[in-house]
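According to our numbering, the sequence shown is numbered sequentially starting from 1.
No lab work stands behind these hints, which were simulated from the structure alone. Predicted, not measured: the structure shown is a model, and the values here were computed from it. For glycine and all other residues, C-beta sits at the position ideal for the given N, C-alpha and C. Watch out, some of these pointers could steer you wrong.
[To be verified] Label-pair distances were calculated between CB atoms; the ranges are:
1. 216 - 169: 35 to 41 Å
2. 260 - 231: 21 to 27 Å
3. 212 - 137: 31 to 37 Å
[Claimed, not checked] Only pairs whose alpha carbons sit at most 27 Å apart, straight line, appear in this in silico DSSO-like list of lysine-lysine:
4. 213 - 245
5. 161 - 173
6. 159 - 138
7. 138 - 173
8. 159 - 213
9. 260 - 213
10. 159 - 173
11. 245 - 260
12. 161 - 138
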Amino acid sequence: MNTETILVDRDGGVVTVTLNRPERKNAGNAQMWRELIDTFRTVAHDPADRVLVLTGAGGAFCSGADIADPTGVSGNPDDHHIVRMRFFAEVALALHDIPKPTIAKIRGIAAGAGLSLALGCDLTVAGEDARLSEIFAKRGLSLDGGASWLLPRLVGLHKAKELAYFADILSAKEAAEIGLVNRVVPDAELDAFVDEWARRLAAGPPIAVAMTKELLDNSASVSMAQALQDEARCQTVNFFTEDTKEAMRAFRDKREPDFKGR
1 MNTETILVDR DGGVVTVTLN RPERKNAGNA QMWRELIDTF RTVAHDPADR VLVLTGAGGA
61 FCSGADIADP TGVSGNPDDH HIVRMRFFAE VALALHDIPK PTIAKIRGIA AGAGLSLALG
121 CDLTVAGEDA RLSEIFAKRG LSLDGGASWL LPRLVGLHKA KELAYFADIL SAKEAAEIGL
181 VNRVVPDAEL DAFVDEWARR LAAGPPIAVA MTKELLDNSA SVSMAQALQD EARCQTVNFF
241 TEDTKEAMRA FRDKREPDFK GR
């Protein structure tokens, strides 16, 4: 797929998507949102793609939506604001719906819609110099990009309100202390660290990992009894996969398993 605002690289089951508008600190315009939707949906359905890494070019992750884009969020300046926002919501949902592990690799600024994109990934790794902000309130706006759903689940309701109301800029260290990111590493080690995580995940059992992701994403909205039923259903599926049989053989043979996703 030819893209103008993102770079897509595939290597050994790891798909690295790089937001590529460095002159705007990778602020998202209509073209970028459209390309991300298409890319996320492709990754979701391509069995060769096992892990998605989302990052930004030029020392920034994403500074948010490009409010200077004359075509608006949806690419049509005549669209009503609610239509534009529904279009943007498709980006967040397409990322959320990828049934595979996703990692945000954060350098520099991740703000507003850009932070929503990062937090929409399953795992977040930030360089020491990263800066994160739910900047919306300082622009006279409320949360979007799924942030109202993501923040309370990551940091708790009261902390989420603090981050949203004050819109302060957090250092990577501060973000890690409250659970907003998984890890903080020196900037020089960021690529190697995320690459190691991504390759470990790509080598894992795709079916089991996809079901684990679904179970965890649903955990806040189901009862314990329902969670146990869902676990039983997923585990039953696992026992009939070739991957689980391969894992048992590998354990017996004292070697690493070779998972095929079937």
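Straight-line alpha-carbon gap residue 138 to residue 173, limit 27 Å: 22 Å, holds
Whether the CB-CB distance between residue 212 and residue 137 falls inside 31 to 37 Å: 35 Å, holds
Proposed proximity, residue 260 with residue 245 (alpha carbon, max 27 Å): This hinted pair holds, its Cα atoms lying about 11 Å apart.
27 Å Cα cutoff - pair residue 161, residue 138: Distance ~14 Å between residue 161 and residue 138 Cα, so the pair holds.
27 Å limit on alpha-carbon distance, applied to hinted pair residue 213 and residue 245: Roughly 21 Å separates the two Cα atoms, so the pair holds.
Agreement of residue 159 and residue 213 with the hint, judged by alpha carbon distance not exceeding 27 Å: 24 Å, holds
Whether the CB-CB distance between residue 260 and residue 231 falls inside 21 to 27 Å: Between residue 260 and residue 231, where Cβ atoms are some 23 Å apart, the hint holds.
Range hint 35 to 41 Å (beta carbons of residue 216 and residue 169) holds or violated: 29 Å, violated
Restraint check for residue 159 with residue 138, where alpha carbons must lie at most 27 Å apart: 18 Å, holds
Given hint residue 173 paired with residue 161 - CA-CA distance at most 27 Å: Answer holds: residue 161 to residue 173 is near 20 Å, not above 27 Å.
27 Å limit on alpha-carbon distance, applied to hinted pair residue 159 and residue 173: 16 Å, holds
Pair hint outcome, residue 260 versus residue 213 [Cα-Cα no greater than 27 Å]: Holds: residue 260 and residue 213 sit about 18 Å apart, inside 27 Å.
Hint 1 from the earlier list is the only one contradicted by this structure; the remaining hints agree with it.
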